[in-house]
Amino acid sequence: MLLDVQDLHVDFRTRDGVVNAVNGAGFSVDEGETLAVLGESGSGKSVTAQAVMGILDTPPGRITHGRVLFRGRDLLTLGREERRRIRGERMAMIFQDALSSLNPVLSVGYQLGEMFRVHRDASRKEAKARAVELMDRVRIPAARERVNDYPHQFSGGMRQRIMIAMALALEPELVIADEPTTALDVTVQAQVMDLLAELQREYRMGLILITHDLGVVADVADKIAVMYAGRIVEHAPVHDVYKRPAHPYTKGLLESIPRLDHKGGELLAIKGLPPNLLHVPAGCPFHPRCPQVREVCRHDPRPPLYEVGEGRSSACHFWKETIGE
Amino acid sequence: MSDVPQESPEPILEVRGLVKHFPLTRGILIRRGIGAVQAVDGVSFDLRPGETLGIVGESGCGKSTVARLLMNLERPTAGSIRYKGEDISRLSGRALKAVRRNIQMVFQDPYTSLNPRMTVGDIVGEPFDIHPEAAPKKDRRRKVQELLDVVGLNPEYVNRYPHQFSGGQRQRIGIARGLALNPEIIVADEPVSALDVSVQAQVINLMERLQREFGLAYMFIAHDLSIVRHISDRVAVMYLGRIVETGTDQEIYEHATHPYTQALLSAVPVPDPELSRSREHIILVGDVPSPADPPSGCRFRTRCWKAQALCAEVDPPLAVPAEFTAATGPARHASACHFAEDKGQLVSG
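Protein chains in written order, with the numbering used here: chain Z, 26 to 350; chain B, 78 to 426.
These are computed hints drawn from the structure, not numbers from a lab.
Straight line, CA to CA, 20 Å or less: simulated DMTMM-like cross-link-like pairs of lysine to aspartate or glutamate:
# : chain 1 : residue 1 : chain 2 : residue 2
1 : Z       : Lys268    : B       : Glu351
2 : Z       : Lys288    : B       : Glu285
3 : Z       : Lys150    : Z       : Asp174
4 : Z       : Lys345    : Z       : Glu280
5 : Z       : Lys296    : B       : Glu285
6 : Z       : Lys288    : B       : Asp326
If you're wondering where the values come from, they're calculated on a predicted model, not measured in any experiment.
Produce the entire structure from the sequences given, and follow the hints as far as they go.
Here's what the structure looks like:
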């Protein structure tokens, strides 16, 4: 197993109290596999990614419990220096907002080359040559001429390609992409996702895709973990989730989005709002919004992740009913 | 223009040849014009009472500029916007104010479009300060509470401030404000794109209910093609300042004939793994050209896989293409392409 995250808990200290941003998340990714972590704002999906990557803002954030096994070694027990080395070379991250993730006063060639200078002791000249190669690799036209350009001189889609190039520079085994195409237009999104999928096949890297977009997930993921209020509420192979969701939240999400392929009637909206993490409801955190809520759902203990089938789990007491035909 | 279907009723809004160029200048003391950003370049459409016209396009296509022009927040460089026969783009002062009562706007960002220092009651009631004739002073509080109730907010919340509400609730406040003066037309610019998926559906349903209840005409601007299909009666697809294709939802989504629309539809991820992996994906090359220096002829030709010499020379008009003028099916609709072709279903494989 490439990455195995077990029972991860992350707290944030805020003025108003301690927030359990992630509350027992667990998932795994294998080589060449794509796991989508799906959730709305405040679900804990990005915090999970940061914790795995080791770039959580500490304080206020703190990992209070759990294990992050990367090729069997628990990253959370490693020293700072060792962690940093793994982060640069063996796992990398692609962020949503390429413009603010790139340094505006350094040329993209310099920033790409930095990967090789720092991690591979390359000379400046060598580093620049590798930067041009990388830019070619992510299909930036006229790479040789543009290597000395600055981030603002590129379009949004091109900047995101540069981010991808940077993440893939050292051929990492695992890439975490946090909403990599959310800021992009659909036709550009299609280009970028296409490129990412192709590079993944080539390098056989594991990919964790953090997103809120059910469409993007359906396009590329092998497995999906649905997060709600800091918990994974459903975890399954992608086809199962879309065909027969085992958690009412997943089911609600799928029913609430308008479809491109037919014009439906009124949308079946999920009532209410995602919970404030300072006051997560007792019992199942989804119960105030759930159409099939029963008395037992309103009280602790919270529903565990029930084994629902081959590689599938759901945190709903009544998953049989939800999944039923 | 021939993109206007023949069925009645009378359009409430007729937009013809709308152009907005933003001048580009150089120099501080002596400003010299060095060109213009052609944000909107010859856009025509009709809006009929009670219908929804969806406008889709990617960033920079000019869809938001069209909204600002309709609201008279910008003056057009050329063209006309007729509201019940009267060109409102040239109005000013009292006459403009009277027209504005009937055309209201809902904005994209529920966080910045509400004044954080005003209570919800003041925000929703502000239109009455500007148009005092709409409601006598003593009725205002009751009216505001009614409006909150209509959009599904607790009427007791009038004294709360915007930060005490979630994004979806704020968007409801923005909609209540838009409804205050009982307008006939609401221009909504990306009204749900800042909201979480589970909340988007609530706001869409609300907008549809209000449309039925009050007979509103919507101009619904968005980049999300699925949402636009869901809510719109007719759809216009924009690219680089122009409408490239327009028709009913079925005509556009199931029988698109313009290559750009086809690429756009094929690029939208659909939430169905089997479908999304089996259908055709058209991946466009390159980026949208700069609106300050658009290509000659057809503006899409630089990214189009069908482009030929003709496309660089002759700008294709927005009309029913010659090969479909004799047709009777849904492929017969306005499409600005020399090589229009009905590829059939692109969204369902």
